[in-house]
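Chemist: Protein chains in written order, with our numbering: chain D, 1 to 276; chain L, 277 to 638; chain R, 639 to 940.
Calculated from the structure, these hints are not laboratory results. One or more hints might be untrue.
SDA-like, lysine to any residue: derived pairs with alpha carbons at most 25 Å apart [said to hold, decoys possible]:
no.: 1; chain 1: L; residue 1: Lys377; chain 2: D; residue 2: Leu190
no.: 2; chain 1: D; residue 1: Lys5; chain 2: R; residue 2: Ile853
no.: 3; chain 1: L; residue 1: Lys330; chain 2: R; residue 2: Pro644
no.: 4; chain 1: D; residue 1: Lys2; chain 2: R; residue 2: Gln649
no.: 5; chain 1: R; residue 1: Lys642; chain 2: D; residue 2: Thr106
no.: 6; chain 1: D; residue 1: Lys2; chain 2: R; residue 2: Ala839
no.: 7; chain 1: R; residue 1: Lys642; chain 2: L; residue 2: Glu435
no.: 8; chain 1: R; residue 1: Lys642; chain 2: D; residue 2: Ser103
no.: 9; chain 1: R; residue 1: Lys642; chain 2: L; residue 2: Glu350
no.: 10; chain 1: R; residue 1: Lys849; chain 2: D; residue 2: Tyr13
no.: 11; chain 1: D; residue 1: Lys5; chain 2: R; residue 2: Leu660
no.: 12; chain 1: D; residue 1: Lys2; chain 2: R; residue 2: Lys849
no.: 13; chain 1: L; residue 1: Lys377; chain 2: D; residue 2: Leu184
no.: 14; chain 1: L; residue 1: Lys330; chain 2: L; residue 2: Arg341
no.: 15; chain 1: R; residue 1: Lys642; chain 2: L; residue 2: Thr611
no.: 16; chain 1: D; residue 1: Lys2; chain 2: R; residue 2: Ala827
no.: 17; chain 1: D; residue 1: Lys5; chain 2: R; residue 2: Lys748
no.: 18; chain 1: R; residue 1: Lys642; chain 2: L; residue 2: Phe505
no.: 19; chain 1: R; residue 1: Lys748; chain 2: D; residue 2: Arg222
no.: 20; chain 1: R; residue 1: Lys748; chain 2: R; residue 2: Pro644
no.: 21; chain 1: R; residue 1: Lys748; chain 2: D; residue 2: Thr106
no.: 22; chain 1: R; residue 1: Lys642; chain 2: D; residue 2: Arg158
no.: 23; chain 1: L; residue 1: Lys330; chain 2: R; residue 2: Gln649
no.: 24; chain 1: L; residue 1: Lys330; chain 2: R; residue 2: Lys849
no.: 25; chain 1: D; residue 1: Lys5; chain 2: R; residue 2: Ala842
Just so it is clear, the structure is predicted and the values come from calculations on it, not from any experiment.
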Amino acid sequence: MKRIKHLLGEAAYYIFILVVMAFFGLPLLWLVLTPFNARATLAVEIPQPFTLDNFQQVLNNTFAVRALVQNNMIIAVGAMLGVTLIATLSAYALSRARVPGSSQLTYILILFSSVVTGTAAMVPIFLIIFNLGLIDTYLGVIVVFIGGLLPAAIFIMRDFVEGIPRSYEESALVAGAAPSRVFLDVALPLIRPGMMVIAIWSFVQAWGSFLIPFILLRSPERMPASIAVYSFYTEAGTPNITLVAAYSLLYAIPVVILYLFVNWRYGFRFFGGIKR
Amino acid sequence: MSGIQLDRLSKHFGSVAAVDEVTLQIQDGEFFALLGPSGCGKTTTLRMIAGLEKATAGTIKIGDRDVTTLAPRERDIAMVFQDYALYPHMNLLDNIGYPLKVRGIPRAELQQRVTEAAQSLGIDHLLNRRPAQLSGGQQQRAAVARAIVHHAQVFLFDEPLSNLDAKLRVEARGFLKHLQRQVGVTTVYVTHDQAEAMALADHIAIMEQGKVVQMGPPLEVYHRPRTTFVASFLGSPPMNLLRGQLDLAARQVRVNNAAISLEQFRGWDRLVEHAQQNVNVVMGIRPEHLTIAQHEIPQSLTGEVYAIQPLGAESLVIVQIKGEPVSVRLFTDDTPQFSGRVWLAPDLQRVFFYHPDGELIA
Amino acid sequence: MEQKPPILSWQSGALFLVPAFLFIAVFLLFPFVWIFYLSFTNQTLLGANAANPQFVGFENYARLFDFDSWLNRGQFGSALFITAQFVIGSALIGQVALGLALAIVFFRRKGILRELVYVLVIFAWIIPDVVVAFSWVAFLNRDEGTFNAILSRLGFGRPDWQLEHALLSVILFNTWRGTAFSMLLFSSALATIPPSYLETAEVAGASAFQKLRDILLPLLQGHILTDLILITLWTFNTFSIFLLTAGGPAYRTEVVSIYTYRIAFQFFDFGQGAAIAVVVMLINLALALIYLILLRRQSVYT
Ligand SMILES: Nc1ncnc2c1ncn2[C@@H]1O[C@H](COP(=O)(O)OP(=O)(O)OP(=O)(O)O)[C@@H](O)[C@H]1O
Ligand SMILES: [Mg+2]
Chain D
1 MKRIKHLLGE AAYYIFILVV MAFFGLPLLW LVLTPFNARA TLAVEIPQPF TLDNFQQVLN
61 NTFAVRALVQ NNMIIAVGAM LGVTLIATLS AYALSRARVP GSSQLTYILI LFSSVVTGTA
121 AMVPIFLIIF NLGLIDTYLG VIVVFIGGLL PAAIFIMRDF VEGIPRSYEE SALVAGAAPS
181 RVFLDVALPL IRPGMMVIAI WSFVQAWGSF LIPFILLRSP ERMPASIAVY SFYTEAGTPN
241 ITLVAAYSLL YAIPVVILYL FVNWRYGFRF FGGIKR
Chain L
277 MSGIQLDRLS KHFGSVAAVD EVTLQIQDGE FFALLGPSGC GKTTTLRMIA GLEKATAGTI
337 KIGDRDVTTL APRERDIAMV FQDYALYPHM NLLDNIGYPL KVRGIPRAEL QQRVTEAAQS
397 LGIDHLLNRR PAQLSGGQQQ RAAVARAIVH HAQVFLFDEP LSNLDAKLRV EARGFLKHLQ
457 RQVGVTTVYV THDQAEAMAL ADHIAIMEQG KVVQMGPPLE VYHRPRTTFV ASFLGSPPMN
517 LLRGQLDLAA RQVRVNNAAI SLEQFRGWDR LVEHAQQNVN VVMGIRPEHL TIAQHEIPQS
577 LTGEVYAIQP LGAESLVIVQ IKGEPVSVRL FTDDTPQFSG RVWLAPDLQR VFFYHPDGEL
637 IA
Chain R
639 MEQKPPILSW QSGALFLVPA FLFIAVFLLF PFVWIFYLSF TNQTLLGANA ANPQFVGFEN
699 YARLFDFDSW LNRGQFGSAL FITAQFVIGS ALIGQVALGL ALAIVFFRRK GILRELVYVL
759 VIFAWIIPDV VVAFSWVAFL NRDEGTFNAI LSRLGFGRPD WQLEHALLSV ILFNTWRGTA
819 FSMLLFSSAL ATIPPSYLET AEVAGASAFQ KLRDILLPLL QGHILTDLIL ITLWTFNTFS
879 IFLLTAGGPA YRTEVVSIYT YRIAFQFFDF GQGAAIAVVV MLINLALALI YLILLRRQSV
939 YT
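My request is simple: use the sequences and hints to build the entire structure.
Modeler: Now the structure itself:
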C-alpha cells in the first residue's frame, strides 16, 4: 500500500515536470530551431535541411543590423552607464552620509516607483520628452530609461553598500586618506561587484524594452531591434518566419549570455524585484 | 610620540550616554588598556580618540594638540579594527603600504618599509597574497603591520584578538607586548578580557556604563578594587563577595552565622565610621586568600563542597555557603581531596569591606 | 536608536544625490503631479488644443465613468474588467501558484531535471518581450502551431486560440513569461528554512502533506503576501501582451495599459489618457500602501 502510494507520488512528480517542461520549453525550442531551418513553419521541427543562410540574410539587411548593432547598443549602453553611475553615487550617499531628508527620499522612491509606472507615466513622460525637444532622439529614450530604472537600482545598490562593513573605510580614514581617496581607493573597488550586477541588469532591461522606444522614436534609422522585430512580424502580408526567427535569436543572445555570466560569476543571488 | 588626555569626554546617542564624562591621562609611550563588559562604552571612547565618532562634549588632546574636532587623518594615529578591515582587493603589500601610499611615499621606500614591518611580525613571505588567502592569525598580524608601518604617534586597538582561537590569542598577546615595548608608541587597547588587559597593560581603566570606575596599574587595581563591580570583573574566578553585618561591640563581622573577629583588621576605624549609619557590609576575599580545611578551624566560615576543578598548577574548590558559591584557589599538584562539610578561613590582611551599594570602605 | 557616524560629509552626500534626485524629480515626482493637472484639460498632441489646452473640469472623468456604455467593449469599465480577469488568471493563479508549486516540488531536490526546468522558466523571463511574443504567435497558431499540434494529438481539436480564447491565451502567455520571479522568490525563501524544522516533524511522523501544510506554508506566508502584491502590481501595469494581440480581437484582450495607449497614442487624446492614468495610479497607490504596511508589519515580527 505504502509502495503504491510512493509510486503514484513519483509518477505525479514526473508528469508534472513533463508538462512544465513542455509548457516552458516548446515556445523557446521553436525559437532556437527555426532559424536553422531552410523551410521553417510555425511548428517545432528539427531543421530540415539545416542552414545558416537565414543569419546571412539578416546580416545583409542594413535596417535590421543597424537596429541591433547600433541603435540597441547606444540605448542600452547609455542607460547602463547612466543608471550604474547615478545609482552607485546615490546609494553610497544614502548609506554613508547623513544627508537631511534622505530617508524621506528613500520613502518617496519606494512609493512613487511603484505608483508612477509605465502605464500611468506614458502620457506625462511623452509630453516631457516632447517639450524637451527630445522626441525621436537616442538621448530622450536613454534618459527615460534612467529615470525608470533608477529607483530599483538605488535599492539594490543601497542594500549592497549596507552589506559592506564600514571598518574598511574607517581604517582608510585613520590611515590618513582624504574622503575622496577613501571613496576611490577603498569604497569603489568593494562596491564593484554590485555595480556589475546593476550594469548588467540595466543593460538587459533597456536592451529588451519595447514600449518606451515605441512611443518616443519615429524614424526607422533610430529604431532599436525590439521595434524592428515587432514591425517584421506584424507587417502586412505573411512575414518571412525564418528571417524574423533568426533575427530574434540574434537579438536575444546577448541577454542570455549576460544572464549566464552573472550566474557563473556571482553565483545565484536573488535581488528582489530585479526585473519588472 | 605623545600622551593622550581625555577631559570630561562624553558621547550621547539620542538619550543614551554611551560615554559619560570620561577623564583619563595616558602617559607617553605606555600601554593602556580600556576594560569593561559589553556595551560599557569602550569602543565608543576609542573611536572618539580616532576621530571616527564626534564627541558630544569634552576634549581630547594628543600630545599638546587639541584634536577634538580634527578629522581622523589629521590626528596621526593608527588603528587595528576588530575585523582587521584588510582590503580584500589589495594584496598584503598594498594593504600594509596603504598609509604610506596616501602620504605620497615613493614606491621603493614604501616597499622597503612594508617589508621591514612585515619582517618584524614574521609575515614578509606573504606580501603578495590577498587577505582571503591568509589564516586568521596572519590577517591579525597584517593588520598590526599596517598600523606600525607609518610610525604614528598613537596606536589604537579595538579587541584585536577576539577573532582568534584561545591558543593564538595567548601567543599574539606576547608579540603585541614585545612589539609595543620595541617601538614605544603610546597604545590604547580596548578589550573585555580582563586577563588580556592585565597581561598587556601598564595601566588599565575599568569602565562601567560609560564611566571610568577605576584606573591604575593592573596589579594595583587587582589587589585593591575600589568597587564590587571592579572586584567581580577582575580575576578568574573573581573575588568572592559575601554579605555580612558588623558587630561593633564584639568587634566582629558576622557572615552567615559565622563570626569572624576583626581585632587585627587594618581598617577598623573606617568600618566603625560606616557602621554608625549601616551595619550591613559586603566582605570581599580573593579565592587564593582563603584557607580550606576538612575540620573546624578558628575564625572560619563553613559550607559544603560543591565541585572540585583541578587545573594543573592549581585547583579550584567551589564551596556552597548557604546556597552561595565561594571559590577557593589551591596551589597544589594533586587533586584536592575535600568532601562534605569544610571550613574556610580568610586571610584577614587581604580582606576588603564594601558598602552594600559597591563602594570600598576598607 | 542606531546612529551610524557618517563617513561622507553631508555636503558631499548631497552632491552625490543630486543626479538621482533630478531624475526622480523629473520622471517620478513631476509626472505624478502633472498628470492630475492634465486629466482636467483637453490636451492633445496636435491641433489647437496642443499648444493651449483648456480646462475642462471633470469631463474626462465623466467620459471614463459613463455608466451607460461603461462595460461595452473598448470602454474603460470593460478594460478594467478584462484587467481584473487577466490579473486573477495570470498573476494569482498563474505566476504565484505555479511559482510556489515549482519551488515546493523542487524543494531539497537536486539534479538535472531541476536545473533544466529552472533554466527554461528563467529564460522565459529574461528574453526580450518582442521575441517571446513572436514565438508565442507561432506557438498558438491555429493550423501550424505546436500547441494545437499537441492538443489535436490528445483529441482536443484545433481551437483558434487568438480568436476564440483570446483572454485565456494572453493569460497563459503572461504566466509563462513571469513565473520565474515567484519561483525564485519562493525557492530562496525555502532554502533559508533550517533543515531541523522539517526533521523534527519527520521524526514526529508527519506525512509530506502535513509537513507542507504545517511547516512550509506557514513559514512562507510573508513571502507569499509580498509576492502576491508585487506580481499583482506588475501584472496590472504590464504592456507586453500588446505585442501578442494588440488588445484585439475586438478589444477582447484590451487591458487598462493597452486602453491607455490607444486613447493617448492612437487618438492622441492626452487629457483623457491622463484621467485613465490617474485612476491607474490610485489603484497602484492602494496596492503599494498595502505592500508597505505588510512589509512594516513583517519587520515588526522578525
Ligand atoms: N551607533 C550607535 N547608535 C546608537 N547607540 C550606540 C551606537 N554605538 C554604540 N551605541 C551604544 O553605546 C553603548 C556603548 O557602546 P560601545 O560599542 O562603545 O560598547 P563596547 O564597550 O565597545 O562594547 P563591546 O564590548 O560589546 O564592543 C552601548 O549601549 C551601545 O548600544
Ligand atoms: Mg566594542
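Chemist: Measure nothing beyond the straight line between the CA atoms of Lys330(L) and Gln649(R); if it is 25 Å or shorter, mark the hint as holding.
Modeler: 17 Å, holds
Chemist: For a C-alpha distance cap of 25 Å, please report whether Lys2(D) and Ala827(R) respect it.
Modeler: 31 Å, violated
Chemist: For the pair we were handed, Lys5(D) and Ile853(R), check the Cα-Cα distance against 25 Å.
Modeler: Holds, at roughly 22 Å.
Chemist: Check the hint pairing Lys5(D) with Leu660(R) against an upper bound of 25 Å on the C-alpha distance.
Modeler: Violated. Lys5(D) to Leu660(R) sits at ~62 Å, over the 25 Å cutoff.
Chemist: Checking one constraint from the list: CA of Lys849(R) to CA of Tyr13(D), max 25 Å. Satisfied?
Modeler: 17 Å, holds
Chemist: So if I understand the rule, the pair passes when the alpha-carbon distance is 25 Å or less; does Lys2(D) with Ala839(R) pass?
Modeler: It holds: about 19 Å lies between the C-alpha atoms, which stays within 25 Å.
Chemist: Verify the proposed pairing of Lys5(D) with Lys748(R), using a straight-line Cα cut of 25 Å.
Modeler: Holds: Lys5(D) and Lys748(R) sit about 22 Å apart, inside 25 Å.
Chemist: Would you mind confirming whether the straight-line C-alpha gap from Lys748(R) to Arg222(D) stays at or under 25 Å?
Modeler: Not satisfied, since the Cα-Cα distance of roughly 46 Å exceeds 25 Å.
Chemist: For the pair supplied as a hint, Lys642(R) and Ser103(D), confirm whether the alpha-carbon distance does not exceed 25 Å.
Modeler: 14 Å, holds
Chemist: Are the Cα positions of Lys5(D) and Ala842(R) separated by 25 Å at most?
Modeler: Holds - the C-alpha atoms of Ala842(R) and Lys5(D) are around 20 Å apart, at most 25 Å.
Chemist: Measure nothing beyond the straight line between the CA atoms of Lys642(R) and Thr106(D); if it is 25 Å or shorter, mark the hint as holding.
Modeler: 17 Å, holds
Chemist: Going straight from one Cα to the other, do Lys642(R) and Phe505(L) come out at no more than 25 Å?
Modeler: Cα-Cα ~30 Å, so violated.
Checked against the numbered hints above, the structure breaks hints 4, 11, 15, 16, 18, 19, 20, 21, 24 and satisfies the rest.
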